[in-house]
Amino acid sequence: MSNGWIIEVENLTKRYAGNTAVEGITFSVQRGEIVGFLGPNGAGKSTTMRILACFLPATSGTARVAGYDVFTQADAVRRRIGYMPENNPLHLDMRVREYLKFRARLKGLGIGRSRARVEVVTEQCGLTDVSRRIIGHLSKGYRQRVGLADALVHEPELIILDEPTIGLDPHQIRSVRQLIKDLARDHTVLISTHILSEVEMTCNRVLIMHRGKILAADTTQNLQNIMSDGGQVIAEIAAPVAELRACWEQMGEIEYFDIAPSEGEYHRCALTPRSGLDLRPLVFEQARLRGWALRELSRAHHSLEDIFVHITRPDREEETR
Amino acid sequence: MRAYLTLVRRELGTFFVSMTGYAIIASVLLLLGFSFTDMLAKLNDDPHGAQAPMTELFYSTFYFWLILLLTAPVITMRSFAFEKWSGTYETLMTTPVSDWQVVLAKFTGTLLFYILAWLPLFGCIAVVRYFTLEPTILDPWTTASTFFGIVLFGCLYISMGCFASALTRSQIIAAMNSFVIGLGLFLLSLRRLVPAPPADWAAKVFSYISLSEHMEDFARGFVDTRHVVFYVSLTVFFLFLTLKVVESRRWK
Chain A
17 MSNGWIIEVE
27 NLTKRYAGNT
37 AVEGITFSVQ
47 RGEIVGFLGP
57 NGAGKSTTMR
67 ILACFLPATS
77 GTARVAGYDV
87 FTQADAVRRR
97 IGYMPENNPL
107 HLDMRVREYL
117 KFRARLKGLG
127 IGRSRARVEV
137 VTEQCGLTDV
147 SRRIIGHLSK
157 GYRQRVGLAD
167 ALVHEPELII
177 LDEPTIGLDP
187 HQIRSVRQLI
197 KDLARDHTVL
207 ISTHILSEVE
217 MTCNRVLIMH
227 RGKILAADTT
237 QNLQNIMSDG
247 GQVIAEIAAP
257 VAELRACWEQ
267 MGEIEYFDIA
277 PSEGEYHRCA
287 LTPRSGLDLR
297 PLVFEQARLR
307 GWALRELSRA
317 HHSLEDIFVH
327 ITRPDREEET
337 R
Chain B
1425 MRAYLTLVRR
1435 ELGTFFVSMT
1445 GYAIIASVLL
1455 LLGFSFTDML
1465 AKLNDDPHGA
1475 QAPMTELFYS
1485 TFYFWLILLL
1495 TAPVITMRSF
1505 AFEKWSGTYE
1515 TLMTTPVSDW
1525 QVVLAKFTGT
1535 LLFYILAWLP
1545 LFGCIAVVRY
1555 FTLEPTILDP
1565 WTTASTFFGI
1575 VLFGCLYISM
1585 GCFASALTRS
1595 QIIAAMNSFV
1605 IGLGLFLLSL
1615 RRLVPAPPAD
1625 WAAKVFSYIS
1635 LSEHMEDFAR
1645 GFVDTRHVVF
1655 YVSLTVFFLF
1665 LTLKVVESRR
1675 WK
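Respectively, the protein sequence lines represent chains A and B.
Mind the numbering: the first sequence is residues 17 to 337 in my numbering, read in order.
Mind the numbering: the second sequence is residues 1425 to 1676 in my numbering, read in order.
These aren't lab readings, by the way, just hints derived from the structure by calculation.
All of these numbers come straight from a predicted model, not from anything done at the bench.
Glycine included, C-beta positions come from ideal geometry on N, C-alpha and C.
Among the hints, a few may not be true.
Said to hold, decoys possible - A short, non-exhaustive set of chain A residues, derived as facing chain B with CB atoms under 10 Å:
id: 1; residue: Asp91
id: 2; residue: Leu106
id: 3; residue: Asp109
id: 4; residue: Phe118
id: 5; residue: Lys123
As the list claims (entries may be wrong) - Covered stretches of chain B (chain A as the covering partner; in silico rule of three or more C-beta atoms under 8 Å from a C-beta of chain A):
id: 6; region: 1433-1441
id: 7; region: 1517-1527
id: 8; region: 1667-1675
Same shape as in the complex, but just chain A (with noise of 0.2 Å):
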């Protein structure tokens, strides 16, 4: 049981009369990871998510929360989770406090602890200058805030949030994306999203998904190392372009080079080593030889949006077919 695995997932599929939502997908959580649920509208996530919430069940396959299957032992599953669902529907005539204790109450909480937790979750979610004030009069930010608050309640294992952030002006979005990372500290957190610079920020492990299928499995800072095409590295520096070919021509560590004028007398040299090599120690080093202005000097950081467009670009999913 704490095998530390708080979700293991073998073949899950689900079928709709007609399409497959999820196609046999098999992936693992450990305790204490933010892992983010990445993919384009309609791949699955939310279908995922609802099956290990134990609000769906799976067509064929297994699926274990905290070593609980959720089919057969959906109860003690539940207990352990805590789900805020697409949308954040909550009961829009309640008040925040009393439906905070409204749902602690549900999820089991005795009548001391259900008040002692709505306390702790109302200051942690930053929700007690309107704990007395009623749902459907707050902003959406707010909203989410209470549904957070909601799912934290119960003191749950894994906390399951279908698009937290969708919705928010850019402001909501960072104070609820902090308050995640904040709940990460203890707990185990399983974020869906198709805004790729959120998992960038929050997550430590993604998986991708396209069409019902998991692509790509992995921590994002591993992702990007597949995908830094051998460590290219951009140099602009200002010299005449002779010079500049003469140069790189004669390094024995360069593959090929591609030299771009830029503004004034500046070129964008985008320069490939020929192992996995850093070339920049040595780029800046020919400069200061041979006097050279250099005023930009990096490695190429592809972005999860270059993995995510890579990934799921139709070529590729030739391939798998």
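With chain A held as given, fit chain B onto it using these hints.
Relative to chain A, chain B alone:
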């Protein structure tokens, strides 16, 4: 049990945090008032002819049936349909409460509201008792049995309403469905007034399921176990169907 009581409280509370509950109580009061004046008019016409208990006069008014047939669809339509529509059904069903707790809590909460809406009936009867010279026409037993009949009727119609509401996401469709089922059952009981049933056994069946005949008995002060069994078994049947609809989400 804790979750069940929390849900019942919430279910009953929804009627009072918005206009709906008050609006329903007000319209029930209005219709109740109409049937009350109707009854008083009948008494005035023939003050000494009232052999039967007065509750019988009361049940035979048209408004009385209007309340019975209309309240259940209106108060049950939101129970499941609204939660499904707003998405709170998902948050509800992912808490560690069992399906039968949810179904039973929705039923109980709505039934309590229904009983609450009917309580002014006692007020009407108390007024007559206070002013009448013949208290015998309104003894407590017949009043109690009438109310018992009304509650049993409510159980059946509310369980049908819950079933209709569990089937759909739209409150309007839920209300229409439960009204149609309810009206259908009621019209069967009126059938005895139209043509004569073709056979003896058919007449028996129709009399057994005749809601107006049941109500007549209750209003006269007869609590017939056959009627009680009829209402209780049908209520259980519809609650069972509702439970199956709720469970069907998790069928593979």
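Okay, the hints, checked on the actual structure:
This hint holds: Asp91(A) has a C-beta 5 Å from the nearest C-beta of chain B, less than the 10 Å allowed. Evaluation of the Leu106(A) hint against chain B yields a held restraint, the C-beta minimum of about 7 Å falling below 10 Å. The interface hint given for Asp109(A) holds, since its Cβ lies 5 Å from the closest Cβ of chain B, which is under the 10 Å cut-off. For Phe118(A), the interface hint holds, the least distance from its beta-carbon to any beta-carbon of chain B being 6 Å, beneath 10 Å.
With a least beta-carbon distance of about 5 Å to chain B, the hint placing Lys123(A) at the interface is held under the 10 Å criterion. For the region 1433-1441 of chain B, the stated coverage by chain A holds: 3 residues have a C-beta nearer than 8 Å to a C-beta of that chain, and at least 3 were required. With a threshold of 8 Å between beta carbons, the proposed coverage of the region 1517-1527 of chain B by chain A holds, since 6 of its residues qualify and at least three are required. With a cut-off of 8 Å between beta carbons, the region 1667-1675 of chain B has 3 residues touching chain A; three or more are needed, and the interface restraint holds.
Checked against the numbered hints above, the structure violates none of them.
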